[in-house]
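For chain A, the structure is supplied; the task is to place chain B with the ligands on it using the hints.
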Amino acid sequence: MISARTLRDPTMLRIGSVVAVLVLWEVLGRLDPIVASYPTAIVAAFVELAFVDNTLWPAFATTLQGLVVGFAISSVLGVAIGFAMGRIRLVDLILDPYVSALYATPRIALVPLLVLWVGIDFELRVTIVVLSSIFPIIINTYIGAKSVDRELLDTGRAFAANGWQMLTTVVVPASIPYLFAGLRIGVARALVGIIVAEMTAAVTGTGQLIIQYGRFFQTDKLFVPVIILGLFSIVLAEVVYFLQRRATPWANVERIR
Amino acid sequence: MLDIQHVSKSFGRVAQPVLDDFSLTAAEGEFVSLIGPSGCGKTTLLRIVAGLLPATSGDVTVAGVPSVGPSRDKAVVFQHFNLFPWRTTLANAAYGLEIQNVPKQEREERAMRWLRMLGLEKYAHHYPGEISGGMRQRVGIARALAIEPKLLLMDEPFGALDALTREHLQGELQKIAEQTSLTILFVTHSIDEAVYLSDRIVVMGTHPGRIIREFAVDLRRPRYDYNFRAEPEYAQIRGEIWGMLERELAEDEERSDAAEDTTPMETPA
Ligand SMILES: Nc1ncnc2c1ncn2[C@@H]1O[C@H](COP(=O)(O)OP(=O)(O)OP(=O)(O)O)[C@@H](O)[C@H]1O
Ligand SMILES: [Mg+2]
Chain A
1 MISARTLRDP TMLRIGSVVA VLVLWEVLGR LDPIVASYPT AIVAAFVELA
51 FVDNTLWPAF ATTLQGLVVG FAISSVLGVA IGFAMGRIRL VDLILDPYVS
101 ALYATPRIAL VPLLVLWVGI DFELRVTIVV LSSIFPIIIN TYIGAKSVDR
151 ELLDTGRAFA ANGWQMLTTV VVPASIPYLF AGLRIGVARA LVGIIVAEMT
201 AAVTGTGQLI IQYGRFFQTD KLFVPVIILG LFSIVLAEVV YFLQRRATPW
251 ANVERIR
Chain B
258 MLDIQHVSKS FGRVAQPVLD DFSLTAAEGE FVSLIGPSGC GKTTLLRIVA
308 GLLPATSGDV TVAGVPSVGP SRDKAVVFQH FNLFPWRTTL ANAAYGLEIQ
358 NVPKQEREER AMRWLRMLGL EKYAHHYPGE ISGGMRQRVG IARALAIEPK
408 LLLMDEPFGA LDALTREHLQ GELQKIAEQT SLTILFVTHS IDEAVYLSDR
458 IVVMGTHPGR IIREFAVDLR RPRYDYNFRA EPEYAQIRGE IWGMLERELA
508 EDEERSDAAE DTTPMETPA
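Just so you know, the protein sequences line up as chains A and B, in that order. The numbering used here numbers the first residue of the first sequence as 1 and each following residue consecutively. The numbering used here numbers the first residue of the second sequence as 258 and each following residue consecutively.
Careful, some of the hints might be misleading.
[Said to hold, decoys possible] 20 Å max Cα-Cα, derived SDA-like pairs, lysine to any residue:
| # | chain 1 | residue 1 | chain 2 | residue 2 |
| --- | --- | --- | --- | --- |
| 1 | B | K361 | A | A160 |
| 2 | B | K379 | B | G390 |
| 3 | B | K407 | A | R157 |
| 4 | B | K379 | B | P342 |
| 5 | B | K361 | A | W164 |
It is worth saying that the hints were derived from the structure and are not from the lab. Here the structure is a predicted model, which means the values were calculated and not measured.
Chain A extracted, bound-state conformation (with noise of 0.2 Å):
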C-alpha cells in the first residue's frame, strides 16, 4: 500500500520504481541479451569501454568539443540575430524568409551537402551543432525582443533613452526569459544533430560508436554511449536552468502580490 506520506515525500517512490524496472529489465534481458542485454551486463561494459580498452572517452570528448564550439557559436550569433531581426525592421524583412524556411528544413537532410563542403570532421560537427540550434535561439530572441510590454518601452523613452540604451537596458533584460528557452531548446537540438551526424557521416564521435556496436550486435556495449548520453542531455539542461538563474536574480524574489 502507498501510504499518505510516501506520496507526500515522492523520493521513494522513484527510487522504488527505477529499481523495479531494473529488476525486470535484468529478468526479462538475460532470456536474450542480443535484443535488449540487461543492466549487470551493461555496468560491466561501461568498465571496460570506460577503464580497460579507453574507447568511450576519446569519443565522447570529440563529439563535446563539435558541441561547445558550435554551440558558442550559435548561442552569441542566434541571439545577435534575434535581436537585430526584433528591433530592426529592415533586418527583420531580409532575413525572415531564409530563417522561416530553414528552421523547418529537417537539418539532417544536409548532413550529405554538408559532407562534400566541410568533410566529415570537426567542421562538420561544428557546422551541424549550428545549424540544429541557431534557429530555435533566433526565433525565441526574436519573439522576446518583439513582447517587450509597451510601457516599460515607453518608460525607457520617457526617460531619453536612445536606440543603444533602449536596446540594453529595457529590450534585453526584458528577453532573458525567452533568450533562455531559445538556449534550452537549442542545446538539446543540438546534441540530436551532432549524434545523428556522427552516425550518418563521421568515422569517430560517440554517435559513431552507437553504429559501430549495432552492427556488430554489441547491444550491452552499445547501451553505454546511449545511457551516457541520457544522463548528458540532463545535465545540459541543467546547466542551462543554472545560468538563467544566475541571470535573473529579480525573477527569484519572492512575489508578495
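Coordinates of chain B with the ligands only, in the frame set by chain A:
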C-alpha cells in the same frame, strides 16, 4: 514654463480628434491638475507633452524650448509605476541618470538622496517584486525626481493605490512640490485629490477632448496640516466640478446618440 498651444491629436482614420485645439500654460512652480471623464484624452495630452507621442498640430514649449521628443527637462510618473523588474530600487531610481551617462557613484548618491527623502533607503537593494505598491510608486517618483526635471508629468500616479497609501503619498508630493520649483502637470480622476494638491484645476470635456473650465484653488498651503476639507471653498469647488462633469457626461451621451443616427453614412470604407 509649460506652454501648450492649440494642440490637436487624431488617431489614424478616426474622423473625430481625441484632442481639439487644446491650449494651456503653467507657470514655474505651479501645480496644475487635469480632471475629466475617462477617454477625454488626458493620457494622450500627457504623452504629447512628454514627447512620447507627436501632436497632429500645435506646439508644446517647455522652459522656452519646443518640446518635440523626450528630454531631461521632463520626467514622467506612470499610473502603473512601470518599474523595471530586473532593477533594484536604487538602480530603478538611478535609471534616468544612467541614461544621461552620470558616473555610477554619483548617480547612486543622487538617487539615494531621493530614496531617503521618500523613506525607501532600507529597500534600496530590493527588487520591485519584493516591495508593496505604495513603495513601488515612491520608487517611480524618486526615479522621476532624480533627474531634477523642470516639469513633472504624473498620470493618475496614485490611482492604483489604496486610500491610506494614496493620502500619505499625496502629502509627500506636496512637501516635495513646496521644497522645489517643480512645475507639475497632474492627471487624476479624483476631485478631492485635485483640490488637495492643485493651484489650478483644469476640467476637460470629451469628444473631442477640450477644456471646459479652469478653477484656481486658493486654499491655504500647506494643506496637509489642517482639515482643508472643512473649508467652505473646498465644498464649493468640489460641488461645481461635480456638477460640471455630470453635465458633460449627459451631454456627451446625447452627442453620441445623435452621432449614432448618422453613423451608417460616416463609416469609412
Ligand atoms: N494609440 C491610439 N490609437 C487610437 N486611439 C487611441 C490611441 N490612444 C488613445 N486613443 C483614444 O483616445 C481617446 C483618449 O484616450 P486617453 O487614454 O488619452 O484617455 P484618458 O483621458 O487618459 O482616459 P482615462 O481617464 O480612462 O485614462 C480614447 O478614446 C482612446 O480610445
Ligand atoms: Mg489615462
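Keeping to a limit of 20 Å between CA atoms, is the pair of K379 of chain B and G390 of chain B held or broken? Given pair K379 of chain B, G390 of chain B holds - Cα atoms ~16 Å apart, limit 20 Å.
Next pair to validate is K407 of chain B with R157 of chain A; report whether the Cα-Cα distance is within 20 Å. Holds, because 18 Å separates the two Cα atoms, which is no more than 20 Å.
Just to be careful, I want the Cα atoms of K379 of chain B and P342 of chain B compared with a cutoff of 20 Å; is the pair within it? Answer holds: K379 of chain B to P342 of chain B is near 18 Å, not above 20 Å.
Within a Cα-Cα threshold of 20 Å, do K361 of chain B and W164 of chain A meet the stated pairing? holds (18 Å)
For the pair supplied as a hint, K361 of chain B and A160 of chain A, confirm whether the alpha-carbon distance does not exceed 20 Å. Given pair K361 of chain B, A160 of chain A holds - Cα atoms ~18 Å apart, limit 20 Å.
Every hint from the earlier list agrees with this structure, and none is contradicted.
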